[in-house]
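From just these sequences and the hints, can you work out the full model?
Top to bottom, those sequences are chains A and B. Okay, so the first sequence: first residue is 346 according to our numbering, each after it adds one. Okay, so the second sequence: first residue is 13 according to our numbering, each after it adds one.
No wet-lab data here; the hints were simulated from the structure. There's no promise every hint is true.
[Unchecked claim] Calculated lysine to aspartate or glutamate pairs in the EDC-like style (CA-CA distance at most 16 Å, straight line):
hint, chain 1, residue 1, chain 2, residue 2
1, B, Lys202, A, Asp544
2, A, Lys348, A, Glu453
3, A, Lys414, A, Glu453
4, A, Lys445, A, Glu509
5, B, Lys202, A, Asp541
6, A, Lys348, A, Asp459
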Amino acid sequence: MAKVLVVTSGKGGVGKTTSTAALGAALALQGQKVVVVDFDVGLRNLDLVMGAERRVVYDLINVAQGNAKLNQALIRDKRVENLALLAASQTRNKDALSEKGLARVIKELRAQFDWVICDSPAGIERGAMLAMRHADAAVIVANPEVSSVRDSDRIIGLLDSKTEKAERGERVEKHLLITRYDQARAGRGEMLKTDDVIDILSVPLLGIIPESEQVLRASNLGQPVTLANPLSAPARAYGDAARRLLGETITINVPNERFNLLGRIFGGRAA
Amino acid sequence: MGRSYLAFVLAPELPLVDWLVELDRRVESSLSFFANRPLVLDLVGISPTKTETSEIIAFIEERGLRLIAVEGVPTDWLPERLAPLPGKVQAAGMFQPPEEGKSPRPEPPPAAAWQPETATGVPCAALLVSEPVRSGQSIIYPHGDVIIVGSVASGAEIIAGGSIHVYGSLRGRAFAGTNGNTNARIFCSKFDAEIMVIDGLYKTADDFDHSLRGTQVQARLDRNVMNIEQMS
Numbered sequence: 346m347a348k349v350l351v352v353t354s355g356k357g358g359v360g361k362t363t364s365t366a367a368l369g370a371a372l373a374l375q376g377q378k379v380v381v382v383d384f385d386v387g388l389r390n391l392d393l394v395m396g397a398e399r400r401v402v403y404d405l406i407n408v409a410q411g412n413a414k415l416n417q418a419l420i421r422d423k424r425v426e427n428l429a430l431l432a433a434s435q436t437r438n439k440d441a442l443s444e445k446g447l448a449r450v451i452k453e454l455r456a457q458f459d460w461v462i463c464d465s466p467a468g469i470e471r472g473a474m475l476a477m478r479h480a481d482a483a484v485i486v487a488n489p490e491v492s493s494v495r496d497s498d499r500i501i502g503l504l505d506s507k508t509e510k511a512e513r514g515e516r517v518e519k520h521l522l523i524t525r526y527d528q529a530r531a532g533r534g535e536m537l538k539t540d541d542v543i544d545i546l547s548v549p550l551l552g553i554i555p556e557s558e559q560v561l562r563a564s565n566l567g568q569p570v571t572l573a574n575p576l577s578a579p580a581r582a583y584g585d586a587a588r589r590l591l592g593e594t595i596t597i598n599v600p601n602e603r604f605n606l607l608g609r610i611f612g613g614r615a616a
Numbered sequence: 013m014g015r016s017y018l019a020f021v022l023a024p025e026l027p028l029v030d031w032l033v034e035l036d037r038r039v040e041s042s043l044s045f046f047a048n049r050p051l052v053l054d055l056v057g058i059s060p061t062k063t064e065t066s067e068i069i070a071f072i073e074e075r076g077l078r079l080i081a082v083e084g085v086p087t088d089w090l091p092e093r094l095a096p097l098p099g100k101v102q103a104a105g106m107f108q109p110p111e112e113g114k115s116p117r118p119e120p121p122p123a124a125a126w127q128p129e130t131a132t133g134v135p136c137a138a139l140l141v142s143e144p145v146r147s148g149q150s151i152i153y154p155h156g157d158v159i160i161v162g163s164v165a166s167g168a169e170i171i172a173g174g175s176i177h178v179y180g181s182l183r184g185r186a187f188a189g190t191n192g193n194t195n196a197r198i199f200c201s202k203f204d205a206e207i208m209v210i211d212g213l214y215k216t217a218d219d220f221d222h223s224l225r226g227t228q229v230q231a232r233l234d235r236n237v238m239n240i241e242q243m244s
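Structure follows, in structure tokens:
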């Protein structure tokens, strides 16, 4: 059964695109058929992080408008079998994406893949709304700082009201991914504690990704960090998060913070 | 037997133009709050002429607001459908929210009044919300108490005609007793609110005693002063 997963945050610059690419590649390495879809029309980046910027011929809008076939627009990854990219249009306006056209594209993607991962634009405007529209599950990306957490809270409210699932009276399954976690700064008490972030957002934790130059280096090379340097700390953290998405139980290690998160994660906390 | 109901009292102030502009702004930002809500127009404070009275009424009705009575002008100035109000309405305190640019969220009405005859009112069911209230969300329930099982986020607000009970952290804004109920209270298991309002009287985070933060508190009115105290 295909799963549509939106990677969203509200705030910009917290690591949505990086996380989409890293989780997508990690899931594909686990043998899942994965497509990552860029919803940031006009400001696309996912093609760069996936290293496919020169291979984009057709994009999401072309397919949604019926000007291209889905298989013409899907860009198959050269490193990992099972991984594909559907790019956003860089030249078109976000209004060019119609709700009806999008619904058809998502339906076609569901038929071909196990995971359809939608990389949401920042903000709460139309692009972000369309990205979450068909989601079965959401990864909420937040940095351990107050503005990011509040924006994430706002987005969770929208996931609970504006998605197709919510309108049918069902719930979008939600996962919290804390990114850019800086161990040194956390030790000095300069960031929100993981415990506080989870308390404020009331969403189960999927993983904590440490701040690392590996992430930036991988992005600049056009590689998801989980492929560029699989043994690095962020790659391992993304890998574990991907396995948790697949239902595995793996302990989350919180560096420098002395408490057990297990109870929170598996204690059936309402989200 | 009759039916009792609550009505908001609009009390224009001078200069009238400014007041009308302000009304427009508030109606626009909180249409759902005003929709189908009976309004009483109190003109005692501004003693308008007959022409001005008709103009004010027309202005308000053009906005789709529902006037049911006008107070403070001779009966024969009014259209037949608008009755002069028998007896004196006790006007509740007025809440002025801090300026924060244009906000799409509903704001409390310019003035809310508690009609004495409803004080004996029939019991109303409370509104039970069993999930966290997220930033940007408003829970508006003018008919009675609101019970939240979960937290109220920073940037969220609860507006209740009665008391507000939060079984979780209260980090957002709480407006209790908005219909002029001075006996309304606000309870929360973890206090970290942005603003607390009971019957139009308010305290902002700057006014809070810092030692209360994170504790279980209740807020209530004691002779027009809001007391926020720890509960143990």
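Hints that the structure is at odds with (numbers, increasing)
none
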